[in-house]
Each structure stands twice: as C-alpha cells, then as structure tokens.
Amino acid sequence: MKGRMNGGGLRAYAVLYLLFLYAPIILLPLFAFNAGTIIAFPLKGFTTQWFQEMWGNPTLRRALTNSLTIAVSSSILATCLGIFAARASTRFAFPGKGPIMGFIMLPMVLPEIIVAMSLLVVLLGAGIELSILTVILGHVLMCTPYAIAVLTTAFSSLDKSLEEAAFDLGETRWGAFRLVILPLVMPGIISALLISFTISLDEFIIAFFLAGNEPTLPTYIFSQLRFPKAIPVIMALGTVLVALSIVLLALGEYFRRRGNARIGATGTGGLV
Amino acid sequence: MTEDRKPMIECTGLNKHYGDYHALRDIDLTIREGEFFSLLGPSGCGKTTLLRVIAGFEDISSGAVLIDGKRMEDVPANKRPTNMVFQSYAIFPHLTVAQNVAFGLRRDSRSKSEKDALVEEALQMVGLKGYGKRAAHALSGGQRQRVALARALILKPKVLLLDEPLSALDRKMREQMQVELIKLQRQVGITFVLVTHDQEEALVMSDRIAVMFEGRIAQLDGPEALYARPADRRVADFIGVMNFLPADVTGEDAEGNVTVDVSGLGEVVLPPKQISRLTSGDERPMVGFRPETMTLLSASATRSQERETGATIDEVVYYGDMTYYDLRLDGSARGDGNARPVRISMRNVFGREVQDVGTRTRVAWSPGSLVLFR
Chain A
6 MKGRMNGGGL RAYAVLYLLF LYAPIILLPL FAFNAGTIIA FPLKGFTTQW
56 FQEMWGNPTL RRALTNSLTI AVSSSILATC LGIFAARAST RFAFPGKGPI
106 MGFIMLPMVL PEIIVAMSLL VVLLGAGIEL SILTVILGHV LMCTPYAIAV
156 LTTAFSSLDK SLEEAAFDLG ETRWGAFRLV ILPLVMPGII SALLISFTIS
206 LDEFIIAFFL AGNEPTLPTY IFSQLRFPKA IPVIMALGTV LVALSIVLLA
256 LGEYFRRRGN ARIGATGTGG LV
Chain B
666 MTEDRKPMIE CTGLNKHYGD YHALRDIDLT IREGEFFSLL GPSGCGKTTL
716 LRVIAGFEDI SSGAVLIDGK RMEDVPANKR PTNMVFQSYA IFPHLTVAQN
766 VAFGLRRDSR SKSEKDALVE EALQMVGLKG YGKRAAHALS GGQRQRVALA
816 RALILKPKVL LLDEPLSALD RKMREQMQVE LIKLQRQVGI TFVLVTHDQE
866 EALVMSDRIA VMFEGRIAQL DGPEALYARP ADRRVADFIG VMNFLPADVT
916 GEDAEGNVTV DVSGLGEVVL PPKQISRLTS GDERPMVGFR PETMTLLSAS
966 ATRSQERETG ATIDEVVYYG DMTYYDLRLD GSARGDGNAR PVRISMRNVF
1016 GREVQDVGTR TRVAWSPGSL VLFR
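Residue numbers (the numbering used here), protein chains in the order written: chain A, 6 to 277; chain B, 666 to 1039.
One should not assume that every hint holds.
Said to hold, decoys possible - Calculated Cβ distances over 12 Å to all of chain B for the following chain A residues:
| id | residue |
| --- | --- |
| 1 | Asn62 |
| 2 | Ala154 |
| 3 | Pro188 |
Stated by the list, open to error - Short, incomplete list of chain B residues facing chain A, as computed with Cβ under 7 Å:
| id | residue |
| --- | --- |
| 4 | Ala742 |
| 5 | Phe751 |
| 6 | Phe757 |
If you are wondering where the hints come from, they were derived from the structure by calculation, not from laboratory data. Glycine included, every Cβ here is placed at the ideal spot set by N, Cα and C.
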C-alpha cells in the first residue's frame, strides 16, 4: 500500500453524507420564494407572498410569541440552575455527589415521551392548569442537563487558586465570584444559553403534551402540515427559523472566540 | 540577626485532620517580624497546608494561630494581614497587568490617581515598569510571578506567603528570581514565609528553615546549622548530599565526647555538638559527612594535619566546575558486605586533574566534619 491515502471512495461518501444532511434544508428557502403552491419542480417564479401571509397569520404570530417566551425563559432558568450545579460539582465535594449529578443528567437520555407523559400525569393530578408555564417547566427539565454539561467544562477548566487569590486580596466570596469567576466562565454561560434556547425552540413532544390550547411553533407547524395550502407558508417560516439559528450560532461562537482570545485560552465549553 | 524582633506568626499546638489523615501534628512555631522563613519538605509533608492555615484558607482541628499578636481563628483570609503568591500565580487572565495589581485596592477609599501611582510604584519595584497596559495572559512565567508579587505587596501586608513560587520557572530564571526575592524582602522589610521542596532554594534564601516530614517539624534552624548539624538522618538526607558510614560506639566520657569506630575511617572521638540531637530508635549508629568535607589527594601531595584514608575510585561524574567521585574506602567492606561507596566532590580549580575510574588514591578528612547519628 502506498503511504498516501487514496480518498476517492471516502470523498464521495462525505459529499453524499453532507448532501443528505443539508439538501432538504436548502430546499426550504427555494420553495419559500417559489410562486407555486405545490412543492414540486419546476419552480414557478419568485414571490414574497408566503412571507407576507406568514406575518399576517395571527395564530402563527401567537405561536411564535409563545415559543420565544418559552425558549427565553427556560434557557435562562436552565442556565442559572446549570451554573449552580456545575459550580457545586466542580468546586466542592459532598456526600452523594455522584448519584445526585447522575440523576440531574438523566433527562438527557430518558425517552422524552416518557418524561412528557409522566409530567402530564403529575400536573393534571396536582390540578395545575396547562399553559406555557408548564411547558417552560418541562423545558427547564430537558435543557438543564445540557447547560450543566457545557458549564461543567467551563468551570472545571478554571484554576481554583484564582478565586482564592481574589479572596486573599480582600474581596468577599461574592466579589471574588462576580469579578473573577463569572467573567471567565461567561463564554460557557453564553453557550449554555444558546444550546438551551435552541433545544427549547424546536422541542415538540413536551410542548404538545403540556401546552394545553396554546400553540408553539413546532406544534403549530405540525398542525398545519395537514393542509397542502399552508405548506408554502411553513416553508417560509422554516426559512426564517434556519436563518435565525445560523445567526444565533454564529453570534455565540463569535463571543466565545472573542472571550477566549481575551484570556488567551483555547476552548472552554464551546459549541463548534 | 532577627532574634530580638517581635513575633509575627505564632503557631501553638497546631493540628489539622482531613478525615483520617493527620496533615499537621503538634506544630509549635514562631516566625519573627522581618524574617525570611522557609517551610521545607518533600511533597505531602504538610508545608503547604501550614501555609494555607496561616493564610486562612484551611481551618485547624486544634491549637492556635496568632498573627501580630492577634488570634486568627475567626478571621477569614480576606481580613488577614497576609497576602499570598500562589504556585500557579493565579493571575486574573481577563484583566490587564495594572488591573491585576490594582485588584486588592478596589475596596480602598483612595482616589484613582493615588491608586494609579501605587500600581506604578509596585510595578517598578518588581521590574515591570511600563507593563501596566499589557494583557496578563500574554506574559511569560517570570513576568507573571512578578505581577503576582506586585499584586500582593501593594497591599502592604504584614506577612507575604509564597507557595512554591519558583517551581514553574526554568533553572536560570529561578536562580535570578531567588536573588531578586531576597533583595525585595530586604527592601520592603516584611515577613516572608516561603514553601518549597527545593532544599537549595531554602538554603539560599532563608534566615531560618523549618524542615517538615509527615506533618511534623523535624528541625528548625538557620541554613548553616541545618546543613552542618542536621538533627536526624532524615533531615541530613533531605538537605544536600550526606554520606553515611556504619559506626560502633565504643566509649563515652563524662563531657559527652563519644568514641566511635567508623567503618572505613577508623576510630574517632566526637564532641557533643557533632552528635545529632534526635535518636532514630534502634537503627545502627551512622556517621555522616558531606561530599565537600573530604579531599582527594594527588599522588604527590605531602602528608597534612588531617587524617588520611586509602580509597579506590568507583565512578567519576564530571560537572564542569565540579567533579563528583564515588569512592570505596579501604576497609569499609569489613563486616559490611554491601557497603555503599561514598561520594565526594572536588572543585575543578586550575592545575587539578580529574582522576580516572579505578585509580588507587588517598583522601584527607577531618573528624571535625563528621556527625554521629544514633
């Protein structure tokens, strides 16, 4: 065998793989701007009609508002809880730490439908009315393990003596945390917020079970798929969501890299 | 020279347990004002724990710590008149050099221009004048160390605690920083407490050294006393190189002079000051001597006042300025089948030739440089 690798077959595989991943997503904007109502080639012409219809649809706007409310709230809550848990698990030793952390991380691998179902049973049993609040509750449960995973990396890469040094130099414990630890784990916090936001925004099962009559984007999209007339609008909505995700991800990565460059570090809890 | 100064740090009956682990055992220690004091020992001996107890980062299980006459049990680290230079330096990577140095002044009521002046002064003191605007993470190891020093000294603490501050530097830099630290300590005049595992560093820098093993202070002395008259075999072994020869005690007179028959050297009489203070239990008595206290005689050397012993050169290690010889002393094998060779060092001064392995030679030595451990 020659020393150089002949990547002919592998290259084809890589191209096919990427095509399979991204071709459907590329189709979204294509049909979102297509004048025809049927999702099929050939394209009929350019239009922004579907975007206008989307913007003019009150249910869709309500779903969007709900989804954003849920995603923002649950990502902030999950990240805050994640900060507590990550700091506790990296900085302190306490009895039962292993099992406690294990149980907190478990929702990552539990079938979501089981979580959603048991939450529904409990909430109904407790007489709590279903609303976007209950969805937020469920999403916090789902997002927290991811936030912890990201934040633990950020916290554990910190030198323990940084905090001691700040304390030794006369700061209070809170001052040491605020002035030294927080700025240094900020890239991790932003990553955790972004991940939680993304997970919450496109989460379907829990939203479907716990939202009551309130629509969220995924449940709304699912409900509209039955009507062929609505499909181009969904395509437009999808286009907006994909664009938004890309912008968010790019922003997060930008801040993370800038933060790392500022402290001369290489990668603490990044996404990409 | 610091004998008459007032005590700055007093530890009495100090004990520290981590669960079953007894990290500090009955530490009694007084460090005086303006002293350069070192805690020396192998890793795990408790020296860093003791430093962290003084800093206020560790609670104690029993005993008391006083700094400048005040009890410290209920004083947290941020309220103690001590500042610390950490082993990793713990420079805040997200701040500039000046912001790092000024960190401890945040809670100070002085005006910004006064603070800036203090920062500039502190930076100048450690040789980093003009570095204020640099990003702290872009500094070299030696520069980080200086920032850590400036950051601690700007608060004018009564005690500066240094946790292995030179261990991360390369040899040249380390030696340079040792000298600078001594100068700095003389300049600011505050008490320095240094933790190190490097015996050479402790000897070079300290007024007094506490050698620690397994949570206890084995010996507390000045560098010369520590080197010349180690309290027991462990200290002797840890500080520098010490040769040990088995010996039999054959007599002791009323003044405490002990007659010993040393394997390879013959009979010598040792006065009390050459006898170690602590006994090591039921081990066989040993006589120790430092490599530089024996001299390899050239073939033509005339007989000196000192005593002489024949030897064979077992190994030669050439260091440029020095040569180390491993010697087998005549008669050392007597009754000691596994007698180890002794190591002596010779400075390679002009005109002295390095001798070869296997050469039959003579060494001169003096009973005054022997220490008896029993």
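The hints, checked one at a time:
{"no.": "1", "hint": "Asn62", "in the structure": "46 Å, holds"}
{"no.": "2", "hint": "Ala154", "in the structure": "23 Å, holds"}
{"no.": "3", "hint": "Pro188", "in the structure": "5 Å, violated"}
{"no.": "4", "hint": "Ala742", "in the structure": "5 Å, holds"}
{"no.": "5", "hint": "Phe751", "in the structure": "4 Å, holds"}
{"no.": "6", "hint": "Phe757", "in the structure": "6 Å, holds"}
The structure is inconsistent with hint 3 alone, although it conforms to all the rest.
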